[in-house]
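J.: Protein chains in written order, with my numbering: chain A, 1 to 465; chain B, 1 to 258; chain C, 1 to 78.
Any given hint could be a false lead.
No farther apart than 30 Å at their CA atoms in a straight line, the calculated lysine-lysine pairs in the BS3-like style are these [unchecked claim]:
no. : chain 1 : residue 1 : chain 2 : residue 2
1   : A       : 48        : B       : 171
2   : A       : 170       : B       : 58
3   : B       : 183       : B       : 171
4   : B       : 146       : B       : 157
5   : B       : 239       : A       : 31
6   : B       : 157       : A       : 31
7   : A       : 58        : B       : 146
8   : B       : 194       : B       : 157
9   : B       : 242       : A       : 31
10  : A       : 288       : B       : 146
11  : B       : 73        : B       : 183
12  : A       : 31        : B       : 194
13  : C       : 22        : A       : 31
14  : A       : 170       : C       : 22
15  : A       : 433       : B       : 58
16  : A       : 433       : A       : 171
17  : A       : 31        : B       : 214
18  : A       : 48        : B       : 146
19  : B       : 214       : B       : 171
20  : A       : 48        : B       : 194
21  : B       : 239       : A       : 433
22  : A       : 31        : B       : 146
23  : B       : 187       : B       : 146
Quick caveat, the hints were computed from the structure, so don't treat them as lab data.
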Amino acid sequence: MSSQISLNNLVEEAQRLTGSRQNEIRDSIVKSIYSTAENIAANTVSSKIERKTNWDRKIDNVLTSPVWGFPIMFGLLALVFWVTITGANIPSAMLAEGLFWIEARLTDFFLAMDAPSWLHGFLVLGVYRSLAWVVSVMLPPMAIFFPIFTLLEDLGYLPRVAFNLDRFFKKAGAHGKQALTMSMGFGCNAAGIIACRVIDSPRERLIATLTNVFVPCNGRFPTLIALATIFISGSVSLSVSSTLATLSVAGLVVLGIAITLLVSWLLSNTLLKGETSLFTLELPPYRKPQVGQVIIRSVLDRTVFVLTRAMLIAAPAGGIIWLLANTYTGDTSILSVIAGWLDPFARHMGLDGFILTAFILGLPANEIVFPILIMSYVSGSAMMEPASLAALRQLLVDGHGWTWLTALCTMIFVLCHWPCGTTLLTIQREQHKGRWTVLAAIIPTVTGILLCTFVNYLVRGLGLI
Amino acid sequence: MGLTYQSTGTLTTREAFNVPASDNQPVIALAGNPNTGKSTVFNALTGLRQHTGNWPGKTVLQTKGTFIHNGRKYTLVDLPGTYSLLANSIDEQVARDFICFAQPEATIVVVDATCLERNLNLALQVIEITNRVVLCVNLMDEARRKQLRIEINGLSKALGIPVVATAARSKEGLPELLDITCKVVSKQLEPNPKAVRYSPEVEEAISRLEPQIKALFGNSINPRWVALRLLDGDMNLIKNLKKYHHRERIKAAREAFA
Amino acid sequence: MAGSTTLNDVPVGSRALVTGVKADGLTRRRLLDLGLVPGTRVEVVRRSPVGDPIAFNIRGAVIALRHEESSKVTVTSI
Numbered sequence: 001m002s003s004q005i006s007l008n009n010l011v012e013e014a015q016r017l018t019g020s021r022q023n024e025i026r027d028s029i030v031k032s033i034y035s036t037a038e039n040i041a042a043n044t045v046s047s048k049i050e051r052k053t054n055w056d057r058k059i060d061n062v063l064t065s066p067v068w069g070f071p072i073m074f075g076l077l078a079l080v081f082w083v084t085i086t087g088a089n090i091p092s093a094m095l096a097e098g099l100f101w102i103e104a105r106l107t108d109f110f111l112a113m114d115a116p117s118w119l120h121g122f123l124v125l126g127v128y129r130s131l132a133w134v135v136s137v138m139l140p141p142m143a144i145f146f147p148i149f150t151l152l153e154d155l156g157y158l159p160r161v162a163f164n165l166d167r168f169f170k171k172a173g174a175h176g177k178q179a180l181t182m183s184m185g186f187g188c189n190a191a192g193i194i195a196c197r198v199i200d201s202p203r204e205r206l207i208a209t210l211t212n213v214f215v216p217c218n219g220r221f222p223t224l225i226a227l228a229t230i231f232i233s234g235s236v237s238l239s240v241s242s243t244l245a246t247l248s249v250a251g252l253v254v255l256g257i258a259i260t261l262l263v264s265w266l267l268s269n270t271l272l273k274g275e276t277s278l279f280t281l282e283l284p285p286y287r288k289p290q291v292g293q294v295i296i297r298s299v300l301d302r303t304v305f306v307l308t309r310a311m312l313i314a315a316p317a318g319g320i321i322w323l324l325a326n327t328y329t330g331d332t333s334i335l336s337v338i339a340g341w342l343d344p345f346a347r348h349m350g351l352d353g354f355i356l357t358a359f360i361l362g363l364p365a366n367e368i369v370f371p372i373l374i375m376s377y378v379s380g381s382a383m384m385e386p387a388s389l390a391a392l393r394q395l396l397v398d399g400h401g402w403t404w405l406t407a408l409c410t411m412i413f414v415l416c417h418w419p420c421g422t423t424l425l426t427i428q429r430e431q432h433k434g435r436w437t438v439l440a441a442i443i444p445t446v447t448g449i450l451l452c453t454f455v456n457y458l459v460r461g462l463g464l465i
Numbered sequence: 001m002g003l004t005y006q007s008t009g010t011l012t013t014r015e016a017f018n019v020p021a022s023d024n025q026p027v028i029a030l031a032g033n034p035n036t037g038k039s040t041v042f043n044a045l046t047g048l049r050q051h052t053g054n055w056p057g058k059t060v061l062q063t064k065g066t067f068i069h070n071g072r073k074y075t076l077v078d079l080p081g082t083y084s085l086l087a088n089s090i091d092e093q094v095a096r097d098f099i100c101f102a103q104p105e106a107t108i109v110v111v112d113a114t115c116l117e118r119n120l121n122l123a124l125q126v127i128e129i130t131n132r133v134v135l136c137v138n139l140m141d142e143a144r145r146k147q148l149r150i151e152i153n154g155l156s157k158a159l160g161i162p163v164v165a166t167a168a169r170s171k172e173g174l175p176e177l178l179d180i181t182c183k184v185v186s187k188q189l190e191p192n193p194k195a196v197r198y199s200p201e202v203e204e205a206i207s208r209l210e211p212q213i214k215a216l217f218g219n220s221i222n223p224r225w226v227a228l229r230l231l232d233g234d235m236n237l238i239k240n241l242k243k244y245h246h247r248e249r250i251k252a253a254r255e256a257f258a
Numbered sequence: 001m002a003g004s005t006t007l008n009d010v011p012v013g014s015r016a017l018v019t020g021v022k023a024d025g026l027t028r029r030r031l032l033d034l035g036l037v038p039g040t041r042v043e044v045v046r047r048s049p050v051g052d053p054i055a056f057n058i059r060g061a062v063i064a065l066r067h068e069e070s071s072k073v074t075v076t077s078i
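Hey, can you work out the whole structure from these sequences and the hints?
T.: If you want it as structure tokens, here you go:
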């Protein structure tokens, strides 16, 4: 092994040459590289105009100003939601009308064929209807939100968000880049988890991973929007209700961020204690995104994605719901048995058994929770026109005793419950240890249960309902 | 050419980096700072013929793809975006190890035309490891928007390597980039990088170490660069060098008995 | 002639000249790697609305550093 010895000799020789001046040598080496870079750049880069207005600076002066920085950030968040909500109204209505017209035709067909009613039930009322729900209610908001989010990302706005929020993350013992991974979670929680790779330190990466679920992903927004819209519309005009719905959804997001910080703080003071690593954040210049290209590609991408997931997950889930709701043991359906079993516990949380069941069955993909819930309420009763808000409101309020408190608690649980199947799988792949994946499911669930229960009893206690 | 056999599971062959090794398909590495449009360049060159996985043993994303130019197929490996190769993070280690040990037939360094000084830091470090480098000055459209002018020829002369200006978003300059890179691969173009000059103290130390390094590693790894890393006390690289050297000796021993 | 201070104490809008890095090991290497070598001119661009981090213009790039890091870079005001 003489050459191994030679290599060790080399190392020793190098150490001898540097002596105690390791730091100085290091400084000198890095300085030489930077000086060379500086010289070369000075000789090869020139600016045509003498005084250029630094637009990036000017913009950042506003976006990160002490007075306007935060209001603009939240204003922007609200604006994005508002555009999503109002933009999705018409396509949703159109899709709902079209798809349910098709459902009626399918029913006619089945009748004409004299098909057994269970077949019609399973295929049309279960599988097809679930598909129709996801496509008409969930797809438009998802296809609008995602491109807007991508545009913001391409523009370079996200580092500014991290810049504004960093102090809070630092106090919570989290890595500064968690603000970025959290933002990525808005698009898709699984993508947010993968984004956590930018955090080198395992401890901080884990905190970012375990809390990513507290920002509602693209699949959860439509549920929040639907619930907010249903309960606010009615006696108010459309524009007012859109605004109010926007505010309530935005408010929930802010709540989610607050919970993220709180749970991060808890984790870094209990299970995941340790050092905070060095953090540098680059604020790159704003880039003009290729708006047209991004929008088109994003809309198509999302549409394909949602449709595929709808076929692979929502459709079968719909079939299963129909089976559960129409298979009887004695004189109650299996679905009712399950819901009934969960009901007492759910009531403490301000929910009911059906709602909890819908969440549980919605594990594969968050966007099917709301459709499953509606379908479990509807099945067994007369066919209804599900497309209109008024009908939905009637179903929930008159049909199943919902109040605004129920809606609120449901929305809170949407925010704080176990991550969807894809996200859990991603966490397992990234962390390799089962215990973190389990924890990733437990933490938001426990938080959700506690928070819902608290809100439920608080509102009742205060006599507000 | 290329390192084609498996060693005792150490990170010193291309296959150990999860990159296919074959004499007929040269490997090109794509390096650069984050935020330089490096992925736009990668996507433009490989289109859909790409695959994302992980660098072996690390949770760092590895994307590799293939493209065909003038009838020949090439593998393009997207290295993690890094500001430097002085190995202060896993990303930097991965990038550095690949360029140093997997020895791609060419390395493209993507820099941001609007932020050249900062970006050159990485480029200068890369040309210390290997001389088969092409500089891709990207985001030229942004530079034009900001009224910046870049002296491409001057840059090329100062660095001693070919330089291509691109705006990958609109595919500007990409054919030329491919041309020049493939010429570097086929050795039609042999870049002659200008080394960074260090302080007298450092240069003196380098000249003391260089002969021994050459004796140990021959010309497979740039001795000047190894000397700098030794002086810097880069423990991680030294560990990998030991593994590499061990493997090379086994290879030499096998060939002696072949 | 302005005395020695640390980067986080330089007022927003002014410039400073780096004289050294008061750290060791990985922190030192990372700070140097950003370009904070002695002799570098740094411009203090802005503070976050809540006070920390502070954004600096280092060799053309705008980089934000927390108090923990910026207090380790010694500078003289220009």
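J.: Go through the numbered hints given earlier and state which of them the structure violates, listing their numbers in rising order.
T.: Violated: hints 19 and 23.
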